[in-house]
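J.: Both chains come to you apart, so use the hints to assemble them.
The primary structure of each chain is shown beneath.
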Amino acid sequence: MDEIRVQREDFDAGREIARLRAGNPRIGAIASFIGVVRDVNDGDTVAELCLEHYPGMTEKALAKIVEEARGRWDFIDTLVIHRIGTMRPTDQIVLVVVTSAHRGEAFAACEFLMDYLKTRAPFWKKESTPEGERWVEARSSDDAAAARWTERA
Amino acid sequence: MTVLYFARLRQSLGLAIERIDLPAEAASVGALRERLRGRGGAWTEELAPDRAICVAVNQEMAEPGLALHDGDEVAFFPPVTGG
Chain A
1 MDEIRVQRED FDAGREIARL RAGNPRIGAI ASFIGVVRDV NDGDTVAELC
51 LEHYPGMTEK ALAKIVEEAR GRWDFIDTLV IHRIGTMRPT DQIVLVVVTS
101 AHRGEAFAAC EFLMDYLKTR APFWKKESTP EGERWVEARS SDDAAAARWT
151 ERA
Chain B
1 MTVLYFARLR QSLGLAIERI DLPAEAASVG ALRERLRGRG GAWTEELAPD
51 RAICVAVNQE MAEPGLALHD GDEVAFFPPV TGG
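Protein sequences, first through last, are from chains A and B. Under our numbering, the final residue of the first sequence carries the number 153; numbering is consecutive throughout. Under our numbering, the final residue of the second sequence carries the number 83; numbering is consecutive throughout.
With the rest of the complex left out, here is chain B (with noise of 0.2 Å):
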């Protein structure tokens, strides 16, 4: 699974892409989270569940709620503000 951070979250937490072998503990959107968020530092303080980000899986927004699967594209981001 590829995971990519965007806009204040690549940069507070140093990171672009990772590639991370799903654990089956971790198999959906919400899971990966919190699982994220337990790296400490950074992690904890950006994904907080009080924190407004968004996800999106293979290009397109997703629940909390929703399975990953192996070979999946996610992606972590603050909410968007073009225009």
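The shape of chain A in the complex, shown without the other chains (with noise of 0.2 Å):
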């Protein structure tokens, strides 16, 4: 099963993982990544995070790259939570979890999920700094963190 959130609320990885595999004895690896707010970005600190998105398109774009993870590896569920509002320092931002039978196909799916969701979903940050708010600019360390994926293909 595939699930996609986009929501407010903060998450309990645990209690996620331990839903996805009640009952399910063909899962024998479990893969996940937990993104957190850091106090301190491109050197300046940082007191406030808020995340934008396009409602609509996100989910849509979410779909598409767990669709895409689909025709490659052999998993069998993904969990896809992303958080939009006001953050601080030290909370959760996203949630990806990958069930599999071997642990290659769950730690592979998970990371390219991300590399995914950093560079084609539609989110953005704006951070609070002692120089006040600005937008956070996109890397070009995470296009080239999802372009591995395409020369690996």
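Since the hints were made in silico from the structure, they are not lab data. A few of these clues could be false.
[To be verified] Residues from chain A shown here face chain B by an in silico Cβ test under 8 Å; the list is partial:
(1) Val37
(2) Arg38
(3) Leu51
(4) Val94
(5) Arg120
(6) Ala121
(7) Ala138
[Stated by the list, open to error] Simulated DEER-style distance windows between Cβ atoms:
(8) B:Gly71 <-> A:Glu67: 21 to 27 Å
(9) A:Pro89 <-> B:Gly71: 39 to 45 Å
(10) B:Ala67 <-> A:Asp91: 38 to 44 Å
(11) B:Gly30 <-> A:Arg8: 43 to 49 Å
(12) B:Met61 <-> A:Arg72: 15 to 21 Å
(13) A:Gly43 <-> B:Leu15: 41 to 47 Å
(14) A:Lys64 <-> B:Gly14: 27 to 33 Å
[Stated by the list, open to error] Chain A is nowhere near these chain B residues, computed Cβ spacing over 12 Å in every case:
(15) Met1
(16) Ala7
(17) Arg8
(18) Ala27
(19) Gly40
(20) Asp50
(21) His69
(22) Gly82
Glycine included, each C-beta is placed from N, C-alpha and C at the ideal position.
T.: Structure (structure tokens):
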């Protein structure tokens, strides 16, 4: 099963994973990633992070990324939760979970989903720093991370 | 046609959504961007050809050559920074 949620509320990774794998003896591996708000970005202190998205397109873009992963690896479930709204350092932003029979598929698909989410899903971050608010600029290292999967294909 | 602006673009253009009657000469993504750029001020600056701006048509990423049709939902936004 594939599940995508865009929400303001925080999430509990333990509870989500327990729910995903409940009663499924085919699952032999679970890989997960949690993205968290840092207190420093590009050398400046970050007091708050505001996450904006494009309702409608976000869900479609994430579904497309999951579909693309399904074409590459044989896994069982995916769960993507991305938060929007105002967050502070140490707050969780994003959760990606992949379940599969063996670890290789789960690890690879989880990393792929995050790399593609970072470069293709319409989310934008605005930071509050001592110098005021600023929109976070896209990083070329994120493009490079996503491009690796094209080269491997 | 509905045109949406997100994130830094929405803020600097001071506009989140507008309706535009599609003129024949702006019937592609690139032509619409050019037309909007002609509005001057922040429009000219933000939509300049050297600015990395993404365009989605009907909620799918689109290239400049894509044809536009009446009723399309077009969105302009900076490169994404989620995750």
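J.: Now tell me if each hint is right for this structure.
T.: Results of checking the hints against the structure:
Evaluation of the A:Val37 hint against chain B yields a violated restraint, the C-beta minimum of about 11 Å exceeding 8 Å. With its C-beta approaching chain B no nearer than about 12 Å, A:Arg38 sits outside the 8 Å limit, and its interface hint is violated. Given the 8 Å rule on beta carbons, the hint for A:Leu51 holds: about 7 Å separates it from the nearest Cβ of chain B. Hint status for A:Val94: holds, given a least beta-carbon distance of 5 Å to chain B, under 8 Å.
Because the smallest distance between the Cβ of A:Arg120 and any Cβ of chain B comes to about 7 Å, under 8 Å, the interface hint for this residue holds. Given the 8 Å rule on beta carbons, the hint for A:Ala121 holds: about 5 Å separates it from the nearest Cβ of chain B. Hint on A:Ala138 holds. Least Cβ distance to chain B is approximately 4 Å, under the 8 Å limit. Distance hint check for B:Gly71 and A:Glu67: the Cβ-Cβ separation is about 26 Å, which falls inside the suggested range of 21 to 27 Å.
At about 44 Å, the beta-carbon gap between A:Pro89 and B:Gly71 stays in the expected band of 39 to 45 Å. Taken as a hint, the range 38 to 44 Å holds for the pair B:Ala67 and A:Asp91, whose Cβ atoms sit roughly 43 Å apart. Between B:Gly30 and A:Arg8 the beta carbons are some 36 Å apart, a value that contradicts the proposed interval 43 to 49 Å. Roughly 20 Å separates the CB atoms of B:Met61 and A:Arg72, a value that falls within the hinted 15 to 21 Å.
For the pair A:Gly43 and B:Leu15, the supplied restraint of 41 to 47 Å is violated, since their beta-carbon distance comes to about 32 Å. For the pair A:Lys64 and B:Gly14, the supplied restraint of 27 to 33 Å holds, since their beta-carbon distance comes to about 31 Å. With a least beta-carbon separation of about 16 Å from chain A, B:Met1 lies farther than 12 Å from that chain, consistent with its non-interface assignment. Its closest Cβ contact with chain A, about 4 Å, brings B:Ala7 to no more than 12 Å, contrary to its assignment away from the interface.
Distance check on B:Arg8: its Cβ comes as close as 4 Å (rounded) to a Cβ of chain A, failing to clear the 12 Å threshold; non-interface status is violated. With 12 Å as the threshold on Cβ separation, the claim that B:Ala27 sits away from chain A holds: the shortest Cβ distance comes to roughly 22 Å. Even its closest Cβ contact with chain A, about 22 Å, leaves B:Gly40 beyond 12 Å, as expected for a residue assigned away from the interface. The beta carbon of B:Asp50 is kept farther than 12 Å from every beta carbon of chain A, the shortest such distance being approximately 15 Å.
The non-interface label for B:His69 is consistent with chain A: the shortest C-beta to C-beta separation is roughly 18 Å, beyond 12 Å. Not every beta carbon of chain A lies more than 12 Å from that of B:Gly82, the smallest distance being close to 3 Å; the non-interface claim is violated.
Hint check: violations occur at hints 1, 2, 11, 13, 16, 17 and 22; the rest are consistent with the structure.
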